[in-house]
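Use these hints to put chain B onto chain A, whose structure you have.
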Amino acid sequence: MPFEITIPRLGWSMEEGTFVRWLKKAGDFIQAGEAVFELEGEKAAQDIEAVDSGILRIPANAPQPGTIVAVGAVIGFLVAEGEATPTVGSSNPSSAAVNQASLPKPIALEPKVVEPVSAPAAAPSVRRLAREMGIKLASLEGSGPAGRITADDVRTPISKRPLTTTASAAPAHAAGVASPRARRVAGELGIDWRRLQGTGRDGRVRERDVRQAASGPDSGTPATVVSVSSRRRTISNRMMASRDRTAPVTLTTRVDATNLVSLRNQFKQAGSGGTIPSYTDIVVKLTTLALQQHPMLAVRDEADKWVIPEMPDGLHIGLAVDTDDGLVVPVVHGAGALGLFDLAKRTLGLIEKSRTGRLTVAEMQGAVFTITNLGAFGIDGFTPIINVPETAVLGLGRIRREPVVIDDQIVARDQMTLSLTFDHRIVDGAPAARFLQTVSQAIENPSAWLLRGEG
Amino acid sequence: MTSVSAASTYLGIYRTMQLIRQTEEELARCHQRGLIHGACHTYVGEEAIASSVCAHLRKEDVVFSTHRGHGHALAKGLPPSELIAELFGRQTGCSRGRGGSMHLFSPEVGMMGTSGIVGPCVLQACGGGYSFKMKKIDNVAVAFFGDGAVNNGAFHEGLNMASIWKLPVLFICENNQFATEVPFAYAAGNPSVGSRGVAYGLPGLTVDGNDAIELSRVASEAVERARSGGGPTLIECMTYRTRAHAEGMGDFGYRTREDVDGWKQRCPIQRLRTNCVAEKLISAADFDAVDAEIKKLVDEARRLAEAGPFPDPATATQHAYSESPRSSTTPIQNVRPAATVREITMTQATHEALSEEMAKNPLIFVMGEGIGKRGGNFMTTAGLYNIYGPTRLCDTPICERGFVGLACGAGMTGTRPVIDFMFADFVLDSVGEIVNQIAKMQYMSSGRLKMPVLLRGCIGIGHSAATHHSGNYYAMYAQIPGLKVVVPSSAYDAKGLFKHALNSDDPVLFLEHREILSIKGPVPEGEYEIEFGRANVVRSGRDVTVVALARMVHLTLSVCDELEKSGISVEVIDPRTVLPLDIETILQSVKKTGRLLVVDEGFAPCGFAVDVAAQVADRGFNDLDAPIKRINGAFTPTPYSPPLEKAVVPQSDDILKAIRDLMNE
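Residue numbers (this note's numbering), protein chains in the order written: chain A, 1 to 455; chain B, 1 to 665.
The following block holds chain A by itself, in its conformation from the complex:
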């Protein structure tokens, strides 16, 4: 008897998906467990595995790549040798009943390289716009016919979308067009041209509009023009790149740092002239342990693929360092594999080099995660900016002794705020929150985590 190949439900609310392509050819013999076709659900495309074995038969009226299909629709058959191919019912396949039995097993995350979702349907001009804006089409939902992505879908900054996209969330309409030169200058000056009123034909934003905006309101008030250093320019470009290419969400939490403070005091007391690990050093180390449990937070979004680093050797951690010339992010290479004291020595060296401007290019590249500490300035929570192409950045707030209720008693404890910004394109809210939970637990019991070693 022929086995039907049906559209499974990916995630609990999915009603329909986009049939991306067949992964096998008609006539191929398929073993149960082999990927047969690619289906794009609400959040991602997945290779769908056959649940039965047999020879693949694809009916003439099977969906074409890029078409929307209903969950449960029969799109093909697996038949035995010599067995006739049934026809798909004359009724529209997309109206076929949902077949609960055909739901696939949850797909485990195991490959080192996560292929990003293949791009959904969009006109060439829209693809170009997305490229220019550094937006991956796969991260968008189409509002056009047949789910086609429109220019508006691209222009509406993804960061301004609700966290969970719902059909009712109408895209906010954005500004029109800018000349290539205006866009380039806007990038250089750190100006969002989309907010500008263009003076060119049909409202096109031109270079002059950008420069005028950059020079501020046309009032006659005297002002000082600040010269922009190349370091500043780089920072500016990287911040804009982050804003353009990521969908940042920040989570904050309060964590009890009493044990962390005490551990550091012990290091101090036991210290015999060597480097004493700073709070940041300890958190760096703890974070590498937490990342081993939550590898998706260590993904690097490299051109067309998402790459998970080797654990723990590839856990290179960026450290935001404030210098007279502005922010730099030296990288502690192999932080995941370093012992705490070696790590502390390494960071001290990097900070020293940062402040004296002697960092090499290699020492600023390759991080998979960044940690930034504003605690020294009395800051608690903030919204750190993701250092692209990384997925997340952890902000450390000040440690402050505060009254806390424990077992109905008000006791003095050291408290600290953690701020985690993550890229919602790559990780969802819940897993990011779980990661932050893990980090919190590690900070609350640092000795145990450090002694235990790998996450």
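Some clues are possibly wrong.
[Said to hold, decoys possible] Cut-off 20 angstroms, straight-line C-alpha distance, at most; resulting in silico cross-link-like pairs (SDA-like, lysine to any residue):
1) B:Lys592 - A:Gln212
2) B:Lys629 - A:Arg204
3) B:Lys591 - B:Gly633
4) B:Lys591 - A:Leu189
5) B:Lys592 - A:Glu188
6) A:Lys353 - A:Pro295
7) B:Lys592 - A:Pro65
8) B:Lys591 - A:Glu188
9) B:Lys591 - A:Pro180
10) B:Lys629 - A:Gly203
11) B:Lys264 - B:Gly253
12) B:Lys629 - A:Arg155
13) B:Lys629 - A:Thr199
In case anyone wonders, no lab produced these hints; they're calculated from the structure.
Below, chain B without anything else, positioned relative to chain A:
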């Protein structure tokens, strides 16, 4: 001829014929085995012709051949291993893998190339003859061609030119009775090629092309006549190819197996052998020894060829242009010195350039209609005839294809022709010679031949010249690799570029806009050259870049002051050469201004403005603050009536409006 020297000559001819036969048969086998990547036209059955003619040639004599040219190349001295390697596509081939069967070059032994086009060899041989005449040396040029070539204009024009200038040329027609598969009996109104010599006032005869002894006698006389200044000879050799037109093609749709078998019986190699043995001139043993020696030679050649490496793909575009270092000592002066007082017209400027270079270089000659005593329709050569005489200032019949093809052959053989074709429209008859031969010659010969040919003439619309005296053809030529295309706008540029062309080894189209020939401009007294591919910033500006050529430069300049008054500052760039194009200077300007207008009198589709716009859109995209605009001449033949004519040429008002529009984008 003594019997000893005759025997030695005949044995030599026999050896060559055997070399050709055995090499061709080996090539046929290799073709079947897939070692030959393209076409392969064999010479089997016709060996006596190349062998007997070339037996009387010196290494310095030159041979120009056709698609069926393996035999000519071998007879002229090309080692068989280089021929086979070329067909195998190897770096060790005689054209370094750039030619194949139909583009065999070995200028080192006087083999000036086979050609995939029927006819040009006739003209190129005239060019070779013209070079020898210029250099006053007694070398001879030979054109081998089939019966298919004799109903082609090149044959008519070439024989006529060779006749009127008494060129040392042999025209060897190998009448194998089929142009591919079209019978000559069908294709020719007068089926006797030899008799056509009379029509051009030169000796013409018909001989048995399979009779090596008779051929040798006739060729010897013709070569002697050519060397001694007696002029050209046309020899029709009646023959037959006993293999198909090309390897792998069927053979019996247009002729019968019986015909072919009959001609196989008339094999020229066997015939010579039988005659010589019967006459006791040469022993059978001597012939056998030659056969064995050739077999060894061909086996070894094939082995060598197959062992040769393929060319490096990274060199695929190498030799499209000359790579020889600049030899001229004239200073390069791409920018006009500010303090230039003397003013002359563009015509005077190029005349000065030509005069200076002709005085320095005795290999330069000028050809064209009315450029001799008359001094050129546009006074391009005024007074030079009296100094240099009729060979260096050569008036031509009205046969553009003929003298352009001749110029190609002259360039191949070491002289430096300047072809003055008055109006660029006239030279369209010779576009095949320019595109297929002149442009490709350096590449086909892997850089071993140079092509220092300067082709000059007028372009441009104006003064009701109507459509056969007004075309702008620079974009068309700029699509052809191997050419360089110069379109000057000022006297200063014209002189420097003209002199540079006369010192370059590449073919140059020098296109002069007739409407600006008499505009005067400052030109310094001293000599200078302007390099190709260096644009001139004619006027500096801030707001918009205008790229223009020739007359359009003047038109653009005429509106700049008015625009300046309304606060629009225009930068005008004249590329001066369309090929190579100095896109870098244009990009730099657009980087500054953010706006680009291209003003091009030529047609829009696939044209000059298109290319500039596309390159800037590509490489300068982020510098553009407005779309790129283009103004082109109307896409129509040029009309005669003044109001119609005005309507098809860009006007200064059009430029003014386009710039204002661009500022409002």
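When the hints from earlier in the document are held up against this structure, which numbers fail? 3, 6, 7 and 12
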